[in-house]
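**Q** Got chain D; can you put chain U on it based on the hints?
There are 2 protein chains.
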Amino acid sequence: MVIVGELINASRKAMGAAIEAQDKEAIQKIAKDQFEAGADYIDVNAGIFVGQEPEYLKWLVEIVQEVVDAPCCIDSPDPKAIETALAVHKGTAMLNSISLEKERYEALLPILSGTDLKVVALCMSDDGMPETADQRLAIADKLVNGLIKSNVKVENIYVDPLVQPVSTNVTFGVEFMKAIEGIMANFKGIHTMCGLSNISFGLPNRPFLNQTFMSMSISKGLDGAIINPLDKKMMANIIAAEAIAGKDNFCMNYLTAHREERFVF
Amino acid sequence: MVIVGELINASRKAMGAAIEAQDKEAIQKIAKDQFEAGADYIDVNAGIFVGQEPEYLKWLVEIVQEVVDAPCCIDSPDPKAIETALAVHKGTAMLNSISLEKERYEALLPILSGTDLKVVALCMSDDGMPETADQRLAIADKLVNGLIKSNVKVENIYVDPLVQPVSTNVTFGVEFMKAIEGIMANFKGIHTMCGLSNISFGLPNRPFLNQTFMSMSISKGLDGAIINPLDKKMMANIIAAEAIAGKDNFCMNYLTAHREERFVF
Numbered sequence: 001m002v003i004v005g006e007l008i009n010a011s012r013k014a015m016g017a018a019i020e021a022q023d024k025e026a027i028q029k030i031a032k033d034q035f036e037a038g039a040d041y042i043d044v045n046a047g048i049f050v051g052q053e054p055e056y057l058k059w060l061v062e063i064v065q066e067v068v069d070a071p072c073c074i075d076s077p078d079p080k081a082i083e084t085a086l087a088v089h090k091g092t093a094m095l096n097s098i099s100l101e102k103e104r105y106e107a108l109l110p111i112l113s114g115t116d117l118k119v120v121a122l123c124m125s126d127d128g129m130p131e132t133a134d135q136r137l138a139i140a141d142k143l144v145n146g147l148i149k150s151n152v153k154v155e156n157i158y159v160d161p162l163v164q165p166v167s168t169n170v171t172f173g174v175e176f177m178k179a180i181e182g183i184m185a186n187f188k189g190i191h192t193m194c195g196l197s198n199i200s201f202g203l204p205n206r207p208f209l210n211q212t213f214m215s216m217s218i219s220k221g222l223d224g225a226i227i228n229p230l231d232k233k234m235m236a237n238i239i240a241a242e243a244i245a246g247k248d249n250f251c252m253n254y255l256t257a258h259r260e261e262r263f264v265f
Numbered sequence: 001m002v003i004v005g006e007l008i009n010a011s012r013k014a015m016g017a018a019i020e021a022q023d024k025e026a027i028q029k030i031a032k033d034q035f036e037a038g039a040d041y042i043d044v045n046a047g048i049f050v051g052q053e054p055e056y057l058k059w060l061v062e063i064v065q066e067v068v069d070a071p072c073c074i075d076s077p078d079p080k081a082i083e084t085a086l087a088v089h090k091g092t093a094m095l096n097s098i099s100l101e102k103e104r105y106e107a108l109l110p111i112l113s114g115t116d117l118k119v120v121a122l123c124m125s126d127d128g129m130p131e132t133a134d135q136r137l138a139i140a141d142k143l144v145n146g147l148i149k150s151n152v153k154v155e156n157i158y159v160d161p162l163v164q165p166v167s168t169n170v171t172f173g174v175e176f177m178k179a180i181e182g183i184m185a186n187f188k189g190i191h192t193m194c195g196l197s198n199i200s201f202g203l204p205n206r207p208f209l210n211q212t213f214m215s216m217s218i219s220k221g222l223d224g225a226i227i228n229p230l231d232k233k234m235m236a237n238i239i240a241a242e243a244i245a246g247k248d249n250f251c252m253n254y255l256t257a258h259r260e261e262r263f264v265f
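Heads up: the protein sequence lines correspond to chains D and U, in order.
Under this note's numbering, the letters of the first sequence match residues 1 to 265, in that order.
Under this note's numbering, the letters of the second sequence match residues 1 to 265, in that order.
Isolated chain D, as found in the complex (with noise of 0.2 Å):
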């Protein structure tokens, strides 16, 4: 499973005030907790700043990649940010996101097209949010079918189907699911990615229901994630979903990870 970390980001109260603070050290401490904690990724979000996202982004990436040697997650729609922030960027990154919304679209496509760099491709376009797995797999097969044209690899596209409250429609959970089932099988070497706190919205327990949702979306085949990895139920959830859905070979992450006491229930 792929972890993105998604502490980074501006729209966060605490996090958007120590980016325009310039609080580096705290900054710096939210990116290596998080790396320790398994993020394959740090997303790196600065879209509250109007005007100034380019270079908060740049920024970010820098103090970053100073003290984590891992890849950013850049989360932008908007490609002069994107931009700044890449010339600077250590390693291949990964861009959140692009959508088959025309503009976003049109607008990200150029900076992919024939790169390396991962992306994370959402199930949204100009008619709006989709509702059933239909809706999620004719868009993504859009979507999909445009990148590998523009010469984008199959494996590194991540699509995320987009989760809708269950509270708003019992249907939406597994429409989700199947989504991700139908674009595993769709595309042989794709990924599905998904911030999947969107699922309890409305319903208490909101960390317990996604935990829940996690274990059932990997079984589904959900192979990447974005999260925070600071949460230790979500991550003991993730290692075991993963263990029984066969992608943990003799258990030996399960079993590291009970022996370095990294389990909490």
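Just so you know, these hints were derived from the structure itself, not from any lab.
Each hint should be verified, as a subset may be incorrect.
Pairs involving identical chains hold if they fit within one copy or between any two copies, as the list cannot separate such chains.
[What the hints assert, rightly or not] Taking lysine-lysine and the DSSO-like style, the derived pairs with C-alpha atoms no more than 27 Å apart in a straight line are:
#1 Lys233 x Lys142
#2 Lys178 x Lys188
#3 Lys24 x Lys149
#4 Lys247 x Lys233
#5 Lys188 x Lys142
#6 Lys178 x Lys32
#7 Lys232 x Lys29
#8 Lys232 x Lys188
#9 Lys153 x Lys178
#10 Lys153 x Lys102
#11 Lys142 x Lys29
#12 Lys153 x Lys142
#13 Lys232 x Lys80
**A** Same frame as chain D, but now just chain U:
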């Protein structure tokens, strides 16, 4: 989800002693506790009492149904014990279990034929335990078709694909879950059932792994389980997984469980 409460089983040391001592009160308490915790069937097993199984099983059915308004799951391969127990049973019992093993199959089929009894159908044959999904589906096919031919309604059949430990073979979880999916797809109206704790044999943190496995299996269609309903974490898991799986309209069951403070994490 159909829940069979597993605790009144003579092979559990304390329960075996309670049955032998005819400690009616203690056993009735466990029956009531399981029922109140959400068990749909109360499993009764007196298998360790060779020669006395029929009378003990009959007694268990009587004392359980004295205090609990629920059917029993009669847990025996012995036709004489089953018939003695059925003679006093009120309502529609479940038999646990028939399999494709010749001796067991031929002994239980006449008891089931043309009745409304529910039955657990184990994916086991005289060739031993299946390892792959295909092997399980081949056994399920023969077993289910045999039962249907003998006038057992498909909706009364609970196929148990048999869980094997993921510590023995990394594919065992996946193959089990594929079998659940296949059985639910191949026979419209059928149910699946399992005692799932084998999945975690040989690994640390077994209850946690069992819960994760339960959520994952529910996402594949599992709709029955033989468990300890007094395990509040497991019950919380089932309720959450069913909400996500679209089986809980308006999340009513989930919200009720929360309000009644039945959730333990």
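**Q** A separate judgement is required for each hint: does it hold in the structure or not?
**A** Here's how the hints hold up against the structure:
1. Taking the closest pair of Cα atoms, lysine 233 and lysine 142 never come within 27 Å of each other, the shortest separation being 36 Å inside a single copy and 42 Å across copies.
2. Within a single copy, lysine 178 and lysine 188 get their C-alpha atoms as close as 16 Å, and across copies as close as 19 Å, so both meet the 27 Å cut-off.
3. Taking the shortest alpha-carbon separations for lysine 24 and lysine 149, neither the intra-copy value of 40 Å nor the inter-copy value of 73 Å comes in at or below 27 Å.
4. In the homo-oligomer, the alpha carbons of lysine 247 and lysine 233 lie at most 27 Å apart both inside one protomer (19 Å) and across protomers (25 Å), since each shortest distance falls under that limit.
5. Taking identical chains as interchangeable, the C-alpha atoms of lysine 188 and lysine 142 lie at most 27 Å apart only when both belong to the same chain, with a minimum of 16 Å there against 34 Å between chains.
6. Proximity of lysine 178 and lysine 32 under a CA criterion of 27 Å is satisfied in neither setting, with 35 Å inside one chain copy and 39 Å between copies.
7. Taking the shortest Cα distances, lysine 232 and lysine 29 sit within 27 Å of each other inside one copy (17 Å), while across copies they are farther apart (37 Å).
8. For the identical chains of this complex, lysine 232 and lysine 188 are neighbours neither inside a copy (31 Å) nor across copies (40 Å), given an alpha-carbon limit of 27 Å.
9. For the identical chains of this complex, lysine 153 and lysine 178 are intra-copy neighbours only, at 24 Å inside a copy versus 29 Å across copies, given an alpha-carbon limit of 27 Å.
10. Taking CA atoms no more than 27 Å apart as the test, lysine 153 paired with lysine 102 passes inside one copy only; the shortest distance there is 21 Å, against 54 Å between copies.
11. Taking the shortest alpha-carbon separations for lysine 142 and lysine 29, neither the intra-copy value of 40 Å nor the inter-copy value of 60 Å comes in at or below 27 Å.
12. Proximity of lysine 153 and lysine 142 under a CA criterion of 27 Å is satisfied intra-copy only: 15 Å inside one chain copy versus 45 Å between copies.
13. In this homomeric assembly, lysine 232 and lysine 80 never come within 27 Å of each other (Cα to Cα): the closest approach is 36 Å inside a single copy and 52 Å across copies.
Hint compliance for this structure: hints 1, 3, 6, 8, 11, 13 are not met, and every other hint is.
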